[in-house]
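Here the sequence shown is numbered in this note's numbering, starting from 43 and rising by one per residue.
The set of hints was computed from the structure by calculation and includes no laboratory data.
As the structure is a prediction and not an experimental result, all values here were calculated from the model.
There's no promise every hint is true.
Claimed, not checked - Distance ranges between label pairs, derived from CB positions:
no. : residue 1 : residue 2 : range
1   : 269       : 78        : 44 to 52 Å
2   : 213       : 77        : 45 to 53 Å
3   : 294       : 237       : 20 to 28 Å
Beta carbons: idealized from backbone N, C-alpha and C, even for Gly.
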Amino acid sequence: MLTWTPTHTLRVARPTSRLEAVVHFYHDGLGLPVLGGFEDHDGFDGVMLGVPGAVYHLEFTRRRGHTMNGAPSPDHLLVFYLPDAAVWRQAVNRMLRCGYMPVPAENPYWDRRGVTFEDPDGYRVVLQQSSWPPRAGHAPPARLHTLTGNVLKAMNRKQTHLLARLLLAMIFLVTGTMKLVDFGHTVGTLASMGLPFPTLLALGAIVTEIGGGACLLFNVKGRWAALVLILFLIPATLLFHVPGLNDPVQAEMQLIQVLKNLAIMGGLLMVSLEDEPAYGAGKAEKETFLQPSSHS
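Using the sequences provided together with the hints, build the complete structure.
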């Protein structure tokens, strides 16, 4: 009697007429490395994908001159169990960034803790945020999570970072542009305060605000941009707003400006401590997604 062991290799093979599109889905979207392939072997082309060292991999083949039908039903599934919430979010976000949108699962069970995507042939992949077999004492949640809820949970961290950067960058991009448009007034204001080299200071302020805001928004050296903007805000606050606190007419408005700048500096400080990119897959994401795990 044959005894199956984890050392045996499992290949899941499937024909397709859309080989390139299917490979894009599983390689670029799902993140599975291409392990090998062949062309025109007795009229067949094929590509193997999987995680190096794992006991399973996928093979997609195309027979030249033949057309294959799609999935016979929407309940043909390939389920990846990803118990680590961070890895699961990375996997879902990667699919979304590649343009693959979630679909409602045929069986509502998979919408409780997972997100379902449909490949170009109509076969479906479920990214399930749980382990298998279930850990002892680990029961499915009593409250059903909707598909929308799962997608929002997966997108939450990445999209929140992007929104935070946009909101922080906006004030610098707008004020820097205003200084540039009315450059003469900007230089005149600095000169009236008795500051040396007002033209150079005006140019420096414009470059710092517009350049720093753009770097912050697009996360090009975003952490360094945040630190530079903090260093810019400190003297700007001390020179333009703190003196007004002693003027009874301006005191209230200047206090608001000081507190506003302090709040912005707090947000920038948080950005400077954060190393997750707002766009694209970070190095950790590329290296850890769908790697063999002791939980799966």
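Hints, verified against the model:
1. One distance hint, 44 to 52 Å for the beta-carbon pair residue 269 and residue 78, holds here, with the actual separation near 46 Å.
2. Taken as a hint, the range 45 to 53 Å holds for the pair residue 213 and residue 77, whose Cβ atoms sit roughly 49 Å apart.
3. Distance hint check for residue 294 and residue 237: the Cβ-Cβ separation is about 26 Å, which falls inside the suggested range of 20 to 28 Å.
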